[in-house]
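One letter stands for each residue in the lines below.
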Amino acid sequence: MRRAKEFQRVVRFIAIPLLVGAVTLVGFRLHINSFIAGFVYLLPVLVIAFYWGFWEATVASIFSVLCLDYFFTEPIFAFYMADPHDWVAISAFEIVAVVVSRLAMQIKNEATNAGEQRMRFENLYRISKEALLFDEPAGCSSQLVEMGREMLQAEGVSLWDAGTLKTSTSGLIQIDENELRCTYERALNGNHFERGIWKRVVWLGQRPMGVLSVAAETIDEPTLDALASLAAVAMERARMFEEKSHAEAARQSEQLRVALLDGLAHAFKTPLTTILSASSGLIEIDRMDRSQRELVGLIDQEARRLTDFTTQLLTTARLDGQRLKIHRESIPLAQIVNECGHECAAVLAQHPLSLTVASSERIWADPLLMKLALNQILDNAAKYSCPASRISLSLHENTAEMVIGIHNEGSYIPPEERHLVFTRFYRAHGSEYRASGTGIGLAVTKRIAEAHGGAVWVESDLHAGTTFFITLPHGPRES
Amino acid sequence: MSDSPGKLLIVEDDSALRRSLRTTLEALGFEVGEAVSGEEALTLASMSRYETVVLDVNMPGMGGIETCRRIRRSFTRLPILFLTVRDSEDDKVNALDAGADDYITKPFQIRELTARIRSAIRRFRSPEVPAEAPVVIGDISLDPARRRVERGTIELHLTPREFAAMHLLMNHAGRPITHAQLIAALWGPGYGDEREYLRVLISTLRKKVESDPAHPEYLLTDSYVGYRFRER
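Residue numbers (the numbering used here), protein chains in the order written: chain W, 1 to 479; chain E, 1001 to 1232.
You may find that some hints are simply not true.
As the list claims (entries may be wrong) - Short derived list, chain W residues pointing at chain E, Cβ under 7 Å:
1) A267
2) T270
3) L276
4) A278
5) T307
None of these hints come from the bench; they were simulated from the model.
Just so we're clear, the structure is a prediction, and the values are computed from it rather than from any experiment.
Here a beta-carbon is modelled for each residue, glycine too, at the ideal position from N, C-alpha and C.
Using the sequences and the hints, build the whole thing.
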């Protein structure tokens, strides 16, 4: 490209004396006087100034002055002027030629600039429109570098995304990822040119997003700036799109799981209802001998267990779904614990339950859910604590919340397992053979406590035993 | 007729449960009619004189709630007992608001079901008492004409609204009254969701009526659904 320009220039500087010479020849043959010749010489100078440039025109004007002097002023065929008027005329000619060429050049430059500006705006408009219309924001960086290369007329363009650590490249560009990372970490503003490559950090507001690099000798910096801001917006859009689709996928799989669990539990519940109504009906009708009664009792008992399990599954499915509704009431804790005591009567039969809660002490919670949560802990305490040991329940109040503590002896939980006991289907090592259970219980407690805006945790000591804590926020003050 | 346990209609789309209920209840002496859908139930109810309807809430076609509404339109006193399959509280509330007398959650024990059926039939057979007749349940007696409520021999001082609540609950003793029904009856139809008022009212009533308000004996809570007064 540079060669072509130099060649063009040489051709022009050869053409200028030829052109001036041709004008001289014509003028000389026609025997025009020096006054008219001056005007005739202005013509090629102006044309050259307008089409080729100021310097070319200046050279042409000097040639013209020489020719004027040599061929048209007295004495002819000598670079000498006898009449001082001719000196004035020729100087005026030169000044007019230079000023006019200068003006012509300015007009031309402005026209070119305006044209370039228009082109740049058109390009930017096109690229930003296309960047906004990328149908899939995830693949937009490759489209963006492609368009950038075309727009900047560069050999290659690459865009490195600091979030995904991915590089999109178009054309030929040799750049090392470590170098990009260095540029990114230095987080410099503006464009940097090094070894034939332009680099710039892409900023979104105050946040660096990645690095845009362009392989080109010269570059239109405003276009590069615009490209960088477009890249930032496009990258941010891609990132948000990805986050949204991840969240959507997670939500869908969660929904599916809940729906599946819900469906299964319902499918189990229908036949269980029939089995239970039949078994409890047989017991109620009471026309059986001893062994029959015992067998029917077994059926009834196990069907009830299966029902409880199904109900629990259904409840967890419902609790895990996003649609957990809480109906808070101010309820006496003692009443809930008593009801739990009835429900867990079978397991609690072997453990005395001591309650250090005044019957007037109230908590602000959903009664059914709270009962379910406490049931799980009491059940757990009864199953894993030392045989016939005491289980005690207490309620403390501080400025921020109510703290319910359920303490039992034994059942040491090592620190690394303490947060695991609240995950679903987790059962402590060695507990597989100790107690029957499903392992969903404490997960339910955790979910319920959190749905109330509270928390649950466990403290355990080899000698002192294990205490589970549930916190609940205070309710509105009773008037 | 009054010495037979009673005649009831079971409306349930699940054939296994229907058969099991029918066999059991017949063995226990009840006279049982069966319907597989709400439409069939309406036909049967108009053809034969039943004393209680046991109605499944989830049925294809008309559905339990709509069936209940239509039965209630033709038979104002016929007790309707709902079977709710989900522990969905909304179903229970909807059923009660549609005119059902009580609900029982699947899976249930036959003993519990028969107790509810017997109590419903007893209410159905007892002559209709005028709303102004005195009511006595356990220790508590309420005389609408004199606007007096007594526990044993002690007179309880109630505000007019507390009295109205006691009267409503005692007239429907044993049956749950939903929050919405209570609020509409006590505050008027303009109040839809003022649960807080009701909660405070019941808690002050308990302090006056119950010997241990933390463990109520008469004014019982049906969680999520409403309140019920103990049956005699």
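The hints, checked one at a time:
1. A267: violated (11 Å)
2. T270: holds (6 Å)
3. L276: Holds, about 4 Å.
4. A278: holds (4 Å)
5. T307: With a closest approach of 5 Å, the T307(W) hint holds.
Hint 1 alone, counting from the list given before, is not met by this structure.
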